[in-house]
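Undergrad: Spelled out from the first residue to the last, the chains are:
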Amino acid sequence: MSAHDRIADAIADVGADHKPPGDWEAKVWAQIAREQPASRRRWLWWLAPAALAAVAAAFLLWPRPEPRPPLAVAMEVKAGATIKRSHDATLGDSLTVRGTGADAVWIYRDDRHITRCFESCTVTLDAPGRYQVVVVRGPVNPATGVLDDDLAAVKKAGGAYVMDELEVR
Amino acid sequence: MDLTDASAAAPAPPPADPADATPPPSVAEVRAAARDDDAELHAALRAGDRRAALTWLMRRHGDPLYRWIRAMVRDAALADDVHQQVFVEAYRDLDRFEARASSRTWLWAIARHRCLDALKGERRRNAHLADDEAGADVADTSSPVGERLDHGRLTAALEDCLDELAPAVRTAVLLRYQEGFSFEDMARICREKAGTLGTRVARALPVLRRCVEQRTGGAA
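Chains as they are written, first to last, in my numbering: chain A, 1 to 169; chain B, 1001 to 1220.
Please note: incorrect hints may appear among the correct ones.
[To be verified] Below are the DSBU-like pairs computed for lysine-lysine, each with C-alpha atoms no more than 30 angstroms apart in a straight line:
1. B:K1193 x B:K1120
2. B:K1120 x A:K27
3. A:K19 x B:K1120
If you're looking for bench data, these hints aren't it; they were derived computationally from the structure. None of these values were measured; they are calculated from a predicted model.
Given the sequences, and given the hints that come with them, work out the whole structure.
TA: The following block contains the structure:
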């Protein structure tokens, strides 16, 4: 065996009597236990931007109801199958009312309520008089009585309305 | 122990069998082979039992790793800290271990980093007997390190002489001769070429021999 081989073999025994302290394994576990909460907190720091990004994405992508169209009323008078262009109607004609952006359509004759519907109503003009057509939006109670009282109730409840009129002879 | 060439005094050996050309394993290599079975560790990891995995690592490698770290840093308190830190780090990185070839290679790679960090922090030593690329005498002449140097005195002198090697050289020498790592495994641990490490180790041996001679008065 050469001198170098003997040195090499002697190196294998260097520090042979050195042993770790008896409680070293317990110290390792204790250190791991100390580091684990910190490591969880570090994850929270990573999670914070991710959570913010998720909230932002939800805000941008969340389906929002489309804005309601402006409140409007459209009336169509028919004599038989013929559509009349004016708001002058005669007995026996039919009136179709369509409300845009409305929660309800109310129809009155001479300020007295005669019928109601949600979006579109058709009535036969079987009595002469002045017909009032009202489209309403908002948290309002169904119309039941006199035109002025019903409109006041709509305003009081914070709702909105649009009205049109039609003369029937 | 007689560090001169023993073959000069021994009877002539029988003719060498060509099939027997590979040198016998060193003491360190024999010890290392006994610690290279990671089956239990893999079983614990497959079962997701990280505590069992670390416990196995500590029982299997705790003592030899401590000895290696102690020889690297030469300070008991520092060795204690580094040793514990290696296993804490191993626990943290257990998920990354599975693809590795051997738990020894993996652990010693962590330990090497921690030791070099610790040594950088300490910077207690200024003089080095050998530098990484120093052109030391590679030849193993028959010049006696000690005619009758006993093993205990030799290892004691070696401990001091290893301390005077540059950290990178000490790392390579201890990996090779204290722990019996192959140069391929050393390359994985040190992230250097096996050939470079081989040269480094070969150059360190004559340096160590001269150092031992100086410390023991040439012969014991």
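Undergrad: For a C-alpha distance cap of 30 angstroms, please report whether K1120 of chain B and K27 of chain A respect it.
TA: holds (24 angstroms)
Undergrad: Can you confirm whether the C-alpha distance between K19 of chain A and K1120 of chain B stays at or below 30 angstroms?
TA: holds (24 angstroms)
Undergrad: Are the Cα atoms of K1193 of chain B and K1120 of chain B separated by 30 angstroms or less?
TA: Roughly 23 angstroms separates the two Cα atoms, so the pair holds.
Of the numbered hints given earlier, the model fails none.
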